[in-house]
Amino acid sequence: MRNILSRLAAAAAIFCILTMLLFPAPAMAHNVSKRDASFVESNQGAAIPAFLYLGAKHMVTGYDHIAFLVGVIFFLYRLKDIIQYVSLFTLGHSITLLGGVLGGVHANPYVIDAIIGFSVVYKAFDNMDGFRRFMGFQPNTKLAVLIFGLFHGFGLATKLQELALSKNGLVTNIVSFNVGVEIGQVLALTAVLIALSVWRTRASFLRDAFATNGVLMTVGFTLVGYQMAGYFVAA
Amino acid sequence: MVEQMEQQPAQQVQPPSKKAIAKATAIALAVALVILFTAVLPAEYGIDPLKTGKALHLTDLAKATESKTDAKPAVGARPVPAPAGIYTSQPGIYKTDSEDLSLMPGEGVEIKYHMQKGAGMIYSWKATAPVAFEFHGEPDNKPNRDYFESYELNDQAGADHSHGSFTAPSTGIHGWFWENKGKKEVQIHLVTAGFYDSAKMMAGDEKTDLEIQEAK
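Line by line, the protein sequences give chains U and R.
Using the numbering used here, the first residue of the first sequence is number 1, and each one after it goes up by one.
Using the numbering used here, the first residue of the second sequence is number 1, and each one after it goes up by one.
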């Protein structure tokens, strides 16, 4: 029990330090389509369906979030496990999405997106059994999903903050965006699960699992490089 | 107890060796670097150390995105169709107008100019203290009585000035509503020059026609 607590505390401390490093950086615009941006900027008051749609769209077209989710559910066979892990991810990103926007926390979107890319690398390495092989222990997978969920939430928050949100109906719109994100997540997960389930019935699954996680890791590294380069270009 | 739930009916085939994991990680990193330097960096940022971006015309993408982000609309502005050219010729000679307004706490006032679609106006106003305002317009043909289009809105913190140029998106009246939300009297000074044909002031239910000057 003490062991778990100390690890939790260490993880929380790392998260706090990392986030503090990010705060003073100004938010830079990228990634939100311009038409959506001008809609949000001209919008006054609550617009529930529009923000639901934007949230869902962001999740379904956000390949970084999907790559991470693929990594997370890659070796989860039971529905109960999938629900548990996805709920932890949802809890994590909802906390920072709502808290980030409402609290006016401005994180640097490039750094956040680089960390999101790193989360994909981490999960792929984890799926390759890398931690047990190289470090001799398995870091708590649930805790990792929760912590990376917090960063993914900051990522979502920075996307919303790039838009000048009207104070009118702010809370309703952010909550709508968040619910939209969850709807989009369910849609994306369903597609991923169907593909994985079909694949799992074949003998090739376990044979190719290792290589697939290698590809996933490549995606993660590419995202990290892309965002870090963006950070230095914008600086 | 948390740890007991660690799942993973692990890869029963053959657990990957340390060497295989290290190799896979190195390959992933190498492939990512190749993708980054040959495609992503040239296309996204115009950084092209290997000149592959130029060869594949990927750097054109970076140029296109740059000009797009530059044209970020002002906060609260509704997108107005961009004018077709550098200049737009206008049918008549321009008019000028200058107004001095005084607002007691809680008071609001509107100045509106009647303009044809596409007509231009240069404006500048200053206030002695921040006032809430909305730059907006009402087309002559509007779908309902209360219809209006907002161009610039600042009804929270307010502002003590705004200067700009404006092209009427529709034939109708276009102008400002100011409201003094402070505790002291505020003076507002407005000057405009443009191709409008009449001006009106509205305070409460009162409507007054303003005299505008023809440019000499």
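Hints listed in this document are in silico derivations from the structure and should not be mistaken for laboratory results.
Remember, predicted model here, so these are calculated numbers, not experimental data.
All residues carry an ideal CB built from backbone N, CA and C; glycine is no exception.
Among the hints, erroneous ones may be present.
Straight-line distance between alpha carbons at most 27 angstroms, and here's what the computed DSS-like set of lysine-lysine pairs gives [stated by the list, open to error]: (1) R:Lys200 to R:Lys126; (2) R:Lys126 to R:Lys183; (3) R:Lys142 to R:Lys207; (4) R:Lys183 to R:Lys117; (5) R:Lys216 to R:Lys181; (6) R:Lys117 to R:Lys181; (7) R:Lys142 to R:Lys117; (8) R:Lys18 to U:Lys167; (9) R:Lys126 to R:Lys63; (10) R:Lys117 to U:Lys167; (11) U:Lys167 to R:Lys200; (12) R:Lys54 to R:Lys95; (13) R:Lys183 to U:Lys167; (14) U:Lys167 to U:Lys57; (15) U:Lys142 to R:Lys18.
So the derived label-pair ranges between C-beta atoms look like this [what the hints assert, rightly or not]: (16) U:Thr61 to R:His189: 31 to 37 angstroms; (17) U:Leu170 to R:Thr88: 35 to 41 angstroms; (18) R:Pro91 to U:Val105: 38 to 44 angstroms.
Beyond 12 angstroms from chain U on every Cβ pair, some chain R residues (computed) [what the hints assert, rightly or not]: (19) Val40; (20) Gln90; (21) Lys126; (22) Glu214.
For each hint, the structure was consulted:
1. R:Lys200 to R:Lys126: At roughly 19 angstroms apart (the allowed maximum being 27 angstroms), Lys126 of chain R and Lys200 of chain R satisfy the hint.
2. R:Lys126 to R:Lys183: holds (18 angstroms)
3. R:Lys142 to R:Lys207: Satisfied, since the Cα-Cα distance of roughly 20 angstroms is no more than 27 angstroms.
4. R:Lys183 to R:Lys117: At roughly 39 angstroms apart (the allowed maximum being 27 angstroms), Lys117 of chain R and Lys183 of chain R break the hint.
5. R:Lys216 to R:Lys181: Violated. Lys216 of chain R to Lys181 of chain R sits at ~39 angstroms, over the 27 angstroms cutoff.
6. R:Lys117 to R:Lys181: violated (33 angstroms)
7. R:Lys142 to R:Lys117: This hinted pair holds, its Cα atoms lying about 14 angstroms apart.
8. R:Lys18 to U:Lys167: violated (54 angstroms)
9. R:Lys126 to R:Lys63: violated (38 angstroms)
10. R:Lys117 to U:Lys167: At roughly 32 angstroms apart (the allowed maximum being 27 angstroms), Lys167 of chain U and Lys117 of chain R break the hint.
11. U:Lys167 to R:Lys200: Roughly 31 angstroms separates the two Cα atoms, so the pair is violated.
12. R:Lys54 to R:Lys95: violated (51 angstroms)
13. R:Lys183 to U:Lys167: holds (23 angstroms)
14. U:Lys167 to U:Lys57: holds (23 angstroms)
15. U:Lys142 to R:Lys18: holds (24 angstroms)
16. U:Thr61 to R:His189: 31 to 37 angstroms: violated (49 angstroms)
17. U:Leu170 to R:Thr88: 35 to 41 angstroms: With Cβ atoms ~38 angstroms apart, the hint holds.
18. R:Pro91 to U:Val105: 38 to 44 angstroms: violated (52 angstroms)
19. Val40: Val40 of chain R is in fact no farther than 12 angstroms from some Cβ atom of chain U, at 5 angstroms.
20. Gln90: The claim holds: Gln90 of chain R sits with its nearest Cβ about 27 angstroms from chain U, beyond 12 angstroms.
21. Lys126: holds (24 angstroms)
22. Glu214: holds (36 angstroms)
When each numbered hint is compared with the structure, violations occur for hints 4, 5, 6, 8, 9, 10, 11, 12, 16, 18, 19.
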